[in-house]
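Spelled out, the chains give:
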Amino acid sequence: GAVVSQHPSWVICKSGTSVKIECRSLDFQATTMFWYRQFPKQSLMLMATSNEGSKATYEQGVEKDKFLINHASLTLSTLTVTSAHPEDSSFYICSARALDRTVSIDEQFFGPGTRLTVL
Amino acid sequence: SQQGEEDPQALSIQEGENATMNCSYKTSINNLQWYRQNSGRGLVHLILIRSNEREKHSGRLRVTLDTSKKSSSLLITASRAADTASYFCATDAGASGNTPLVFGKGTRLSVIA
Numbered sequence: 001g002a003v004v005s006q007h008p009s010w011v012i013c014k015s016g017t018s019v020k021i022e023c024r025s026l027d028f029q030a031t032t033m034f035w036y037r038q039f040p041k042q043s044l045m046l047m048a049t050s051n052e053g054s055k056a057t058y059e060q061g062v063e064k065d066k067f068l069i070n071h072a073s074l075t076l077s078t079l080t081v082t083s084a085h086p087e088d089s090s091f092y093i094c095s096a097r098a099l100d101r102t103v104s105i106d107e108q109f110f111g112p113g114t115r116l117t118v119l
Numbered sequence: 001s002q003q004g005e006e007d008p009q010a011l012s013i014q015e016g017e018n019a020t021m022n023c024s025y026k027t028s029i030n031n032l033q034w035y036r037q038n039s040g041r042g043l044v045h046l047i048l049i050r051s052n053e054r055e056k057h058s059g060r061l062r063v064t065l066d067t068s069k070k071s072s073s074l075l076i077t078a079s080r081a082a083d084t085a086s087y088f089c090a091t092d093a094g095a096s097g098n099t100p101l102v103f104g105k106g107t108r109l110s111v112i113a
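Just so you know, the sequences run in chain order A and B.
Numbered according to the working numbering, the first sequence spans residues 1 to 119.
Numbered according to the working numbering, the second sequence spans residues 1 to 113.
Everything hinted at is true.
Interface residues of chain B toward chain A, partial, derived using beta-carbon atoms under 8 Å: (1) H45; (2) F88; (3) F103.
Each computed DMTMM-like pair below joins lysine to aspartate or glutamate, with the alpha-carbon atoms no more than 20 Å apart: (4) K55/A <-> E22/A; (5) K26/B <-> E53/B; (6) K105/B <-> E5/B; (7) K55/A <-> D65/A; (8) K66/A <-> D88/A; (9) K56/B <-> E107/A; (10) K69/B <-> E53/B; (11) K26/B <-> E59/A; (12) K26/B <-> D7/B; (13) K70/B <-> E53/B; (14) K41/A <-> D7/B; (15) K105/B <-> E59/A; (16) K20/A <-> E63/A; (17) K105/B <-> D83/B; (18) K41/A <-> E5/B; (19) K14/A <-> D88/A; (20) K41/A <-> D83/B; (21) K20/A <-> D88/A.
Label pairs and their in silico Cβ distance ranges: (22) H85/A <-> A78/B: 39 to 49 Å; (23) S54/A <-> S73/B: 32 to 42 Å; (24) Q42/A <-> K69/B: 24 to 34 Å; (25) Q42/A <-> A113/B: 19 to 29 Å; (26) S24/B <-> Q42/A: 12 to 22 Å.
FYI, nobody ran anything at the bench for these hints, they're computed from the structure.
Yeah, the Cβ is synthetic: ideal placement off N, Cα and C, and Gly gets one too.
This is chain B alone, in the form it adopts within the complex (with noise of 0.2 Å):
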């Protein structure tokens, strides 16, 4: 399956700024979804967004998506330490059962205190 890409690769910012991350795709989507690991540990759900939605929000999460140029973006606002981790988005091309997710590289995120 082929991935992704995300960029940056890698982002270091300051406690109280905001990170925006952005994922392209290659393939048609029935949803993209972002996720959160911590080194070394399992993956957290955050935002689900369906190819006929534009824009969702959760709490301090933004999630963007263009259909057209095949992209979107993570925004966390007033980023905190504990936000420290990689992000990935996954992709899911269909709408039935047995379709995996693919995931982009990944942004890591390193908010400093």
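The following block holds chain A by itself, in its conformation from the complex (with noise of 0.2 Å):
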């Protein structure tokens, strides 16, 4: 199956600093993909939806300058947390859709997460 991967798995830094975690798909090429916060005991919510080659799509609510996203090519999206602080600390998941039909196009090919402690 379709592999994404996510670095770092874990992140803990203090308040004030900024904090970049990549998004990778290992076999297949994603023009688009998403990333989604979830906090303890609850759902993922879409944060972004990232295009490689445009400017991001935000989510009501979502500060686009607060979390900047980067998607340079059909393989690697980033997502920066800018001064980051003690309520950005969550589980930061990404995922990639399949830009042709060398894999399902039906699914979205989840990373392993993110989890980002600030302290």
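Hints are included, so try docking the two chains, each in its own frame, into the full complex.
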């Protein structure tokens, strides 16, 4: 099956610093990747849709200047949490949909997630 | 994005019993998917059912879809302690490659040995 990786798997940082999370599709190309956030004991909430070569589309209530998304290639999207604060502590999960039918285009393939803790 | 509802929010059963979880959604869909998530871990894709399908099986899993009622159910038969996890339904509203999944609130299943 198609594999999506995330790096790092967990990160602890001080309040006010910036953290970059990478999402890579390892064996397929994806024009579109999605970023979700999950707080403890809650469901996944879509933050933004990342499109290769263009600006990301953010969901209502998500600050685009705080959560910077760059989708520079067909296999890599990055999410940078700028000036992180304790309330940004969460589980961040990316997903990708395949560009073509070499893998299922119906499915989204999820990364393993990144646990961010802001002290 | 609006989430669907799942019920129950939490379910506790004995090993060997069947577990049924329900999901309702609000918009027209292209397909509906079920995922499992162990505590603190990533998502595991369980099954995908398309809007023109009514029932699908995979091992001990049975999924039904009723598009007229905008609802789906996940049945896990002969449950095991290892089935303990949170289960989420997620709807895909579009046939194109740039529509996100919208997740339900999830059901926390506990299977007691």
